[in-house]
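Chemist: Make the full structure from the sequences, and use the hints.
Protein sequence lines correspond, in order, to chains H and R. Per the numbering used here, residue 1 is the first one in the first sequence, and the count goes up by one each step. Per the numbering used here, residue 1 is the first one in the second sequence, and the count goes up by one each step.
Each hint should be verified, as a subset may be incorrect.
[What the hints assert, rightly or not] Which residues of chain R face chain H? A partial, calculated answer using Cβ under 8 Å:
#	residue
1	L34
2	Y37
3	A107
4	Y109
5	P110
6	G115
7	H125
8	V127
Source of the hints: derived by calculation from the structure; they are not laboratory data. Heads up, the beta-carbon is just placed ideally off N, CA and C, and yes, glycines get one too.
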Amino acid sequence: MPVLGRFSLGGGNPFAPDAVSTARGLGLQFSLPDGELWRTAMLHLPVFPFRTPEAFYEQLFAFRPDPSTGQPDPAKVQAFLAHHPESAEVLKVIKSQPAPTGFGDATFHSLNAFRFINAANESTPVRWILTPAQPWKTTLSQDKDFLFDALIAQIHRQPLQWRLIVIIGQPGDPTNDATIPWPAERQQLDVGTLTLDRVESDETSAATDLNFDPLVLPAGIAPSDDPLLSARSAVFAIVHKTGRRNEAAARDHASRRTQRRLKACQPNSPPSRGCCIGRWRR
Amino acid sequence: MPTQFPAFSRLLHWTMAAMILTMLFIGVAMVASLGSYHVLVSIHRPLGIAILILVVVRFVNRLLNPPPPFPATMSRAECRVAAASEFLMYGLMFVLPLVGWGMLSAARYPIVLFGSVHLPFILPHDVMLYSVLRIAHTFLAYLFFLTFIAHFGAILFHTLIVRDGILKRMAPWNIR
Numbered sequence: 001m002p003v004l005g006r007f008s009l010g011g012g013n014p015f016a017p018d019a020v021s022t023a024r025g026l027g028l029q030f031s032l033p034d035g036e037l038w039r040t041a042m043l044h045l046p047v048f049p050f051r052t053p054e055a056f057y058e059q060l061f062a063f064r065p066d067p068s069t070g071q072p073d074p075a076k077v078q079a080f081l082a083h084h085p086e087s088a089e090v091l092k093v094i095k096s097q098p099a100p101t102g103f104g105d106a107t108f109h110s111l112n113a114f115r116f117i118n119a120a121n122e123s124t125p126v127r128w129i130l131t132p133a134q135p136w137k138t139t140l141s142q143d144k145d146f147l148f149d150a151l152i153a154q155i156h157r158q159p160l161q162w163r164l165i166v167i168i169g170q171p172g173d174p175t176n177d178a179t180i181p182w183p184a185e186r187q188q189l190d191v192g193t194l195t196l197d198r199v200e201s202d203e204t205s206a207a208t209d210l211n212f213d214p215l216v217l218p219a220g221i222a223p224s225d226d227p228l229l230s231a232r233s234a235v236f237a238i239v240h241k242t243g244r245r246n247e248a249a250a251r252d253h254a255s256r257r258t259q260r261r262l263k264a265c266q267p268n269s270p271p272s273r274g275c276c277i278g279r280w281r282r
Numbered sequence: 001m002p003t004q005f006p007a008f009s010r011l012l013h014w015t016m017a018a019m020i021l022t023m024l025f026i027g028v029a030m031v032a033s034l035g036s037y038h039v040l041v042s043i044h045r046p047l048g049i050a051i052l053i054l055v056v057v058r059f060v061n062r063l064l065n066p067p068p069p070f071p072a073t074m075s076r077a078e079c080r081v082a083a084a085s086e087f088l089m090y091g092l093m094f095v096l097p098l099v100g101w102g103m104l105s106a107a108r109y110p111i112v113l114f115g116s117v118h119l120p121f122i123l124p125h126d127v128m129l130y131s132v133l134r135i136a137h138t139f140l141a142y143l144f145f146l147t148f149i150a151h152f153g154a155i156l157f158h159t160l161i162v163r164d165g166i167l168k169r170m171a172p173w174n175i176r
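Modeler: Structural data, given as structure tokens:
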């Protein structure tokens, strides 16, 4: 199944230099054989720091760098975290875990819960993750594009792979709260391999102008009751509306700067003329 | 001389009136909403396509079944404005869903109607085009809303002030 994707770095500034402390994102579009599309926008964070659209909105102000110091105002951050203990908890968890050195060793998380619907119309709560198949280390560098440069070089050497793991929720697992992890013992289903083996440039890739709206879902996958999902979908659409006339802001919405794209072709087409290929195989 | 629209015309009129008003309000609500955006847009898409199909049926029906004459209380100029606004509304019923379909195509948002049933993209992937069509969609929707208010106002004026029984032409029930 052909896959088109876009790697990204978190943060509001499209010109900020690469840093390992920055959240890494991966947006993917799966093109199903019947023409349906599935898009997912993932982050390397195990859980999302903000529970509701309102909390997300508030943090934009709380964490905004003070122009005089270039750092967020500690008093505002403290006030926000006091008001949102769940965010404080998540940030503690994120800080306690070693960050991936680059893109290729990052585990990407769906963050929000979704529902899988079977033929009998029964619904199962799920989350999914992509776990890297390659051992990989990016060497730290002062170069401002070192994370993306390392990713591009790596894919030119050999395809990068991830396993797509679906985590099956149990009744009682929160589906409306992306700040709470599900118990580690939940059943995990390995449903296939994502192979990314071609890089495209920002200027020419179809992924440049693709909106990785998490609610572009095929039949069989449905949104959960997580309030962030509809908000993500709505905000993506508004940002997209501005088009190129406001490109910087548009590029900012899921907050990424230089993006390199990975493009996919038919799974078994010959890799001629450098064409191709990202693909997903069961 | 018939004084009423044919029954099928009246059925189309009232069905589509309800659908279009619903659409206008869903449209305004969904762009202002975060929490209900997805649900509203999931209704907006198939409803818009249904209107697009129905307006074609309606236009053919309009050509086959001409409307009854306007009441004698209407001046010639008024008749002309009324006829023009009728065709303006047909035009908007046709163009608005088409612009919506086109803009989603240009941004490569899948045009899902329900389940796995979806429509093909009708325009190339181009965010500039999306941006222009997205603004046109809003502009035309407001124009439609204004036209609706003018239509509604004119009928109210004739029904309550002039009292020429104009509403009977389109009454859902049969008038002898």
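Chemist: Of all the hints given earlier, name the ones this structure violates by number, lowest first.
Modeler: none
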